[in-house]
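**Q** Protein sequence lines correspond, in order, to chains A and B.
With the working numbering applied, the first sequence covers 1 to 428.
With the working numbering applied, the second sequence covers 1 to 94.
Rather than coming from a laboratory, the hints here were simulated on the basis of the structure.
Not one of these hints is a red herring.
Only part of the chain B face toward chain A is listed, based on derived beta-carbon distances under 8 Å: (1) Ile11; (2) Thr14; (3) Thr21; (4) Glu28; (5) Gly37.
Calculated cross-link-like contacts (lysine-lysine; reagent style DSS-like; alpha-carbon spacing at most 27 Å): (6) B:Lys92 <-> A:Lys351; (7) B:Lys29 <-> A:Lys379; (8) A:Lys123 <-> B:Lys69; (9) A:Lys390 <-> B:Lys29; (10) A:Lys214 <-> B:Lys69; (11) A:Lys123 <-> B:Lys66; (12) B:Lys29 <-> A:Lys415; (13) A:Lys214 <-> B:Lys92; (14) B:Lys29 <-> A:Lys351; (15) A:Lys13 <-> A:Lys230; (16) A:Lys421 <-> B:Lys29; (17) B:Lys66 <-> A:Lys351; (18) B:Lys3 <-> A:Lys421.
Ideal Cβ positions, reconstructed from N, Cα and C, are used throughout, including at glycine.
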Amino acid sequence: MTGVINPNVRQNKAVQLDDGVYWVGALDPGLRTFDIILSTANGTTYNAYLIEGSEGFAVVDTVKEEYADVFFSKLESVTDYSKIKYIVLNHLEPDHTGALPELLKRAPHAQVCISQRAQTMLKALLKTGLEDLSYTAVKTGDTLSLGDITLSFLNTPFLHWPDTQCTYLIEREILFSGDVFGCHFCDPRLFNDKVGDFRFSFDYYYAHIMRPFKQWVLEALDLIIPLSLKMIAPAHGPILRDRPRRYVTHYRELSTSSLSGKLGDDEKSLIIFYMSSYGNTARMAEAIYAGIDDVEGVRVSLYDLQGGETDPFVDLIEEADALMFGSPTINGDAVKPVWDLLSSLVVVNLKGKLGAAFGSYGWSGEAVGMVEDRMRGLKMRVPTPGLRIKLIPTDEELEDCKLFGREIAGILVGKNQNRGKIIEMAEL
Amino acid sequence: MAKAKVTFQDIDLTVSVPVGTRVIELSEKIGSGIIYGCRECDCGTCMMEVTDGWNNLSNPTVLEDKVLKDNMAGRHQRLACQAQILGDCTVKPA
Ligand SMILES: Cc1cc2nc3c(=O)[nH]c(=O)nc-3n(C[C@H](O)[C@H](O)[C@H](O)COP(=O)(O)O)c2cc1C
Ligand SMILES: [Fe+2]
Ligand SMILES: [Fe+2]
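Make a model of the complete structure from these sequences and hints.
**A** The structure is reproduced here in structure tokens:
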């Protein structure tokens, strides 16, 4: 096994990847949790790269601050600071910009190249002493020359920060992809054809970091797919030199809806989740369910949160067009399984999904309003005030539940009750 | 009190409001799809498109202008948490 480890990895020397292209990153094998939300069983790497052209060098990303020494030693094994012409930052997160302030001190003439959206973040990130820092903001298609080689930029916002971009070395057909195609996996053998099996880490990273931004992944792939790709050099984990296109295809699969083709073209999916202690909220849920089922074009599902773990629901929720949550009020609050579900949705994008809440209560009935606030906080739209029923629903009230379901379903399929109506603000 | 009419195109509903009302004060109540984040002119989430009556909204403040620019807003896009309705206009989620 040691036979395939390039000794430079550990000896603070740069590792050559291609003609004039070097890895100058750092290994962090001890790391177990990243950004609070991610765990990793065997650490990570901070991959920084050095590119040599006939007219100077470009550095692509740096490393986490604690690893700055390793990064600088590796840089110095190839060049001195005076020859660094450009510093490209694919996104500004500290795990890749930690060594930037020191690098700028050592290479003050170097031009920092960032995305348009990074401009306002740069100042907030480099609080000290760099107020007069000059930088170039680049966008898709912009290029920078290093003499015989050219860097070109792809604006790939929200993967996973608003300012994310990828950098492509045209002549070598290498994509420096930042966190895209990355994973937390630390193996000194560095290359995807040498390291251990990292498929799990790759998918895990996607699921936690990229998944909320699927739409943006697909847009980025539109820019990446036409490129010739000899190698993908991400900011974490193995360098993808063996059949790099596989990873592009895999990203596309991961970003494509798993429900597509399973529902009819014009069909919308609405899911009702509820919890009930004495069966009152359950009765409401069933009546709402029945009401929705009458509406054409809506596929409705009903789930009792008592019946399972929340994890599998996250997938369902991601694909759904509308969500309804039913909770009784217990001690002035909605019940824990509802909150558990509503707090495990960070990995999916809920923006704009239709939401509604309902529940039975005894005297104060706070749950419905609190769940509505949470849905709004998750950037869902909650067009209709939730339905609350005091204690045991009567037949008449169950009829109201049906109507409530029908109303929400109507909004979902775009049956517009307003039709140009004019109302007074005071009526709201 | 002077009134103005604001139409929410996505739900085809018009509301008559006192002049000076901010869009944020009513869009959620009536169920328009305009989505809010920070609600205080920082995040840019509540971007909306003004499809008619562009000049009938209060001028963007320096801060709103900056946030719009950061978020690469189009010419007729505004933040719903900031824009005040001064005359008849039509808006929809951006
Ligand atoms: C332990 C406990 C605490 C409760 N606290 C509240 C409360 O704070 N406010 C309220 O409106 N109802 C409260 N209730 C009443 C329930 O909301 C009411 O019984 C409701 O109908 C239960 O609906 P379910 O059968 O769907 O669980 C409480 C009930 C229990 C058992
Ligand atoms: Fe990152
Ligand atoms: Fe990262």
